[in-house]
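*Asks:* The hints should help you fit chain B onto chain A, whose structure is shown.
Protein sequences appear in the order of chains A and B.
Under the working numbering, the first residue of the first sequence carries the number 1, and numbering increases by one thereafter.
Under the working numbering, the first residue of the second sequence carries the number 1001, and numbering increases by one thereafter.
FYI, nobody ran anything at the bench for these hints, they're computed from the structure.
Some hints here could point you the wrong way.
To be verified - Across the chosen pairs, the derived CB separations fall in these ranges:
(1) B:N1196 - A:E116: 44 to 52 Å
(2) A:L23 - B:K1107: 18 to 26 Å
(3) A:K2 - B:R1130: 39 to 47 Å
(4) A:K112 - B:R1152: 30 to 38 Å
(5) A:K112 - B:N1121: 21 to 29 Å
(6) B:R1130 - A:D70: 52 to 60 Å
(7) A:A108 - B:R1190: 30 to 38 Å
(8) A:K112 - B:A1229: 35 to 43 Å
(9) A:A108 - B:G1179: 20 to 28 Å
(10) A:R65 - B:A1126: 50 to 58 Å
(11) B:A1126 - A:R21: 22 to 30 Å
(12) A:E116 - B:G1210: 55 to 63 Å
(13) B:H1151 - A:M1: 41 to 49 Å
(14) A:S43 - B:R1234: 32 to 40 Å
We treat Cβ as the ideally placed atom computed from N, Cα and C, and that holds for glycine.
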Amino acid sequence: MKILIVDDFSTMRRIIKNLLRDLGFTNTHEADDGVTALPMLKSGGFDFLVTDWNMPGMSGIDLLRAVRADDKLSTLPVLMVTAEAKRDQIIEAAQAGVNGYVVKPFTAQALKEKIEKIFERVG
Amino acid sequence: MASDSQLHQNEEFLSELKECAKLLTEKLQGDQFEEASQIIHAMLEARDRHIFNSVGRLTRGLHNAIVNFHVDADLSKEPPHIASSEIQDASNRLNYVIDLTQKAAEKTMDMVDEAAPIAMNLGQEASSLRDQWARLRNREMGPDEFRQLYHRMDDFLAQMAIGTEQLGRNLQEIILEQGFQDLTGQVLKRVIGLINDVEQDLVSLVRIAGQVEEITGLAPGVDKDTQTALLEKRKTEAEGPQINAATRADVVSGQDEVDDLLSSLGF
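Just chain A, same shape as in the assembly (with noise of 0.2 Å):
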């Protein structure tokens, strides 16, 4: 499975590696904003993303919607890490097609976890 991990913060890119790679997903790809993040899926070959909220250039949120806009993408799974924890802001990421949600600090468990059930779901 081919994954993308976007965060503007290349200390949180290697930590979620890390425990994707102890998860045994070692075939990882990085991007650092939303904005070099798409043209990266557009050009295809990715089965999950997982993505920060908060960067500079395009958000994830807004990364999620131009996912979601996208034929080819539009099935994408989507995993949204991030510190962001206001309760309108969880609903909205819901509402826009987010498959899950893990708050930081998060542990290996709950992405574990997160993970397992995306691909429960879709799988």
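*Replies:* Relative to the frame of chain A, chain B by itself:
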């Protein structure tokens, strides 16, 4: 304080006006129109003088408040180019904090990445040796195998010594890297000080603006529609990590509450 002397001036101006008003009423009642109009003239002059003095005082106050910002800017450019200022300084310091914490995090993770395989290998070898040792104890082992085990054990103990020494070094490195908290803490305290200073200065400016409005009789109009739109937008605006989640009703605390919220809405 500047506002005290402003209050004093206002009081003096008011009592002057009251005196003139009394006198004006007298003259009008006595049909002394020329004298009455002279008094009106005097009242106008008093008002103009009052406005002039107040504006002068406000301008001085404004100047002082601005000087406190320590802003060194080239106003001829559009937008103005800021060469240096307290806020610039604060920004630079905060960027330093981001830099330092990132380096500490990376270095710590490097140390862990190095240590993890060492620990794992030692664990695996120990486990495998234990199985062999159990066979030996159950007398299931032949002399050749025993010799192999003998050498393997020797190697293992040597590996342990080297491996645990490396682990010890890495763990110590990790402790040292946490020193970033001291440096970043100092910088952050300084930035908090700078921000508080700037806030004080801004409050002075706001007060001065209020006094100008008082004198000129202007009051800011509140556009209800813009305000409502702004409040709606703020509801879903990103706020970054929550620091007082427990005290806010519109924020969740932790993954469990996120999951509860989503499942209660059918997601």
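*Asks:* Against which earlier hints does the structure fall short, listed by number upward?
*Replies:* none
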